[in-house]
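In order, the protein sequence lines correspond to chains E and H. At position 15 of the first sequence (counting the first as 1) the number is 14 in numbering that gives the first Met the number 0, and the numbers step up by one without a gap. At position 71 of the second sequence (counting the first as 1) the number is 70 in numbering that gives the first Met the number 0, and the numbers step up by one without a gap.
Rather than coming from a laboratory, the hints here were simulated on the basis of the structure. Ideal Cβ placement from N, Cα and C applies to all residues, glycine included. Among these hints, one or two may not hold up.
Claimed, not checked - Here are the computed distance ranges between Cβ atoms for each label pair:
1. H/Leu36 to E/Glu136: 18 to 26 Å
2. H/Leu169 to E/Val93: 31 to 39 Å
3. E/Tyr253 to H/Thr59: 44 to 52 Å
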Amino acid sequence: MTAGATLASPLGLPRSFHRLGRTARGVAGVLILLVAWQVSVPLVGLSSYFYPSPADVFRAFVDLVRKGILPVYLADSMGRYAIGLFAGATLGIVFGVLIGMHRRIALALSPLLKFLFAIVEVAWIPIFVVWFGYGIETIVLALIYIVFFPVLYNTLLGVRTAPQILVNAVRSLGASRLAVLRLVILPSALPGIITGLRLGAGFAFRGLVFAEMVAAKTGIGYLIFDGAQSHDTARTIVGMIVMGFLWLAIDQFYLRPIERATIQRWGLTVEAEDRK
Amino acid sequence: MTPGNVATNASRAATAWSIRPRHPDAVMLGTLPFLLLIAAWWLLPHAMQYPAYKLPPIDTVVDYAWEAIQDGSLLRDIATSLGRLAIGFAIGMALAVPLGLAIALNRYVADVFRPVLSFLQAIAGIAWVPLTIIWFGMGNGSVIFVIANTIFFSSLYNTVIGVQSIPLALHRAVRSHGGRGLALFTNLILPGAMVQILLGVRTSVAYGWRALVASEMIAGSNGLGYMTMEAVQWQRTEKIILGMIVIGILWVVMDRAIFTPIERRTVARWGLLQR
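Pulled out of the complex, with its shape left as it was, chain H reads as follows (with noise of 0.2 Å):
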């Protein structure tokens, strides 16, 4: 895969979505499910019996959101999580990034950590819980550990795949003029592979947060993972429904805040010039 290739897998993936974003009903129906559905949790509990605990009225729910904004305690877990989720990424990424350049540059390294590495990739992420409780206990270190297992293994890749798509042309011109060692590597290996590697962020984040919100379920003592799995055992299910809401809503604003930026500055720098 070349990265004019992901150019036009990004501008595939946009047309798949969005049909010309100014359709004058688009707002209009777009909403319309959001309202229903609304609706239809507004009118059940009025049309048929069912306990509280099963699903909560929506008014328990605006409560309970409003408490705790005010208690401080819903920031709390959300700046936990993200802090988590943070620090997680800048590990992975640490470790990935050497090591993706030194098995993408070099036959027997690769060749030594393939086979181990595969296995591992294909047991990456959640599966690791329950020894890192035992390793870690419960808390930061599991967590983190899991994210930055699982963010490692999706940069890994990135990184492999951002040096193997260097066009060979772009290889002989550097070389021809020169460029070997070192030079070679920070005019062209690096640069060419921070294309890849930078669009890869958003998918390896994309597996982090689900690790997150997992391993916090398991083996977290707060944050949002912790906040909804507790809730179950209490029977609190504005608590479980909140969680679900504020997971969402932080994915998609972490998604067009930072990702969609980072696409779009990285294909429109690098991506159309390596054609």
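Same shape as in the complex, but just chain E (with noise of 0.2 Å):
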């Protein structure tokens, strides 16, 4: 019951039992929630618009696969998703560096920027609605504009952290501007940009699904909101575990292995803690 049983190791049983039990641990937790929210239904007594069972969840979900509805929102949102990522981070990197090379560009930008940040990414979707409509331009720029600043914000800790021993040697060898930017800055800012990727990556996500909410006909996000518009609360469920699944994936097979294949090759181990 003390912490010291969840800081010391495991002692005397052999390590595959601990694992077998957590691992049952899990399952049935996850076993207990799925059996108490499926007795619940008919206890609450509720129509399965205000409270659908597991059962319907998977009937939806069944239907929505069949249909070939929900192949095609995935393909939509994930599309959606990387072209923001990718222009946001590109963004991110290039006034990072900008930023950190320039001590007058700093000086002139970063109280823009800081206002800008503090205007949340939601707070520009009904004017990104007034400007461009309904559609994938407001979606896409309200993910540029979330990935922006952890990206932005991380490189610039990691041009700014650039060992200055290095930039002198590479430059008493003769070397360009160019030249040290592509031989120093970049390398040692790359576990920054990284983090601030893996960051942004995770807010995106979400503002994947609200912006898919608020200004698509398409995706995850609507599947969600349409679900509960139609009365079909079922299938508002899916979306939700859909999305759910869709992030654990993304970063199981994406974030995380290249993370490990950046980060950790540096030797830097930034922690990617949830703060910008």
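Combine both chains into one complex, guided by the hints.
Written as structure tokens, this is what we have:
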């Protein structure tokens, strides 16, 4: 019961035993939740519009897959996400390097950028809708706005903490400014860039779902929103569950490997903590 | 991540943005982009033709701001939104801290809850809005649920990290002096975890603030988010722009007046002592 139990490594028992117990307890937690949900449905006695059962949700899922709706929505969402992420990260890196290497640009831009950062991306969505209408432009712009700031900030951190000794060394060997950028600044900023990208990807995923609720006619966010609008609540929950697995998959199969391949290789383990 | 690391991160963060605040040109250079933006906004209607609803002239926005301040509607919306944020924050923290402590202190609790919670964390926040509209209707219930849900997962994470980052040496010290059970909890675990919990408040509220604005846009019947989204239908773009500026200013004020002092005092009081 004490914290020592979590801090000290389990002694005496083979590791596989603990791992098995751990997985079993995790599965038990999920099962308890599902069973409690299913059992509570007749007890609560509300219509499936208010409180659909897991069985309803599963039927809605099969239906959405069979009609081919879910694959199309998934592809649309991921397309928007990829474009927004790529464009936002590119802008963030370019500005991060510019601001990090030029003192006057930093002085000029940082108050404005701080203020723009304070106007959270969700607050831009209404005016994007006025300017660009409901559709992909609004969604992608919102994603770019979200990804830009964490990437910019962490790139800046990486550029500013690039070892001056190396910059001097490379310069004294006659390297141009561009060569310094390529040989010293970018490699040492890379872990920061990746950290920023990972943070931004997390924020952007949520932003994607919200933007799709407001400004799209396809996609996972729209599925969640439209299910409730058309009194098909089971669809909303299918959308939420798909969203959850989608994020876990993106994190597991894309973001973590990238982080492993870059940050850990450079030996600079910057914690991907949830702050910008 | 140890509390000491948080302190170094904070100081690193400070070096990232501010390069010698007393630079002679800092104010001049810093205000320049704002002035350019305002000038461009002011000149644009003269330079090219576009409908006023796309970008109203500055004086329309200023007039509207004055009107909204005078009739009290702006202050009402601000008060509503901040009130929801406060209630959502209180609920989220009240649920997250005890559960976080339980997860950090007991392996069985941790094992049972972890998969469920990490899944729910992946869908935390705004994705719940359509469902909460069905459950609670438009308005306070839905918005507060989403804020509390968002803040819950953020502070849960911070609480668990907070307990786990208490140095083992301190554990041994307290326990070798006979501290256990409740005494261990009140003397070590709670104050030790408090560092990270307090440092996490800013992040949590930042998430909650986004969730607030977003959920008011969909599920609100008043508040700042509702004010901006509702204006889209009536093409009252000056209302949208005023809302955005207010949202930006409010966050800067909250950050300066509440979170930065909390962060500084926490680091000063506990952060460095932990090393």
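The hints, checked one at a time:
1. Between H/Leu36 and E/Glu136 the C-beta distance comes to about 21 Å, which sits within the given range of 18 to 26 Å.
2. Between H/Leu169 and E/Val93 the Cβ separation comes to about 45 Å, which falls outside the hinted range of 31 to 39 Å.
3. Our hint of 44 to 52 Å for E/Tyr253 and H/Thr59 holds, since their Cβ atoms are close to 45 Å apart.
The structure shown violates just one earlier hint, number 2.
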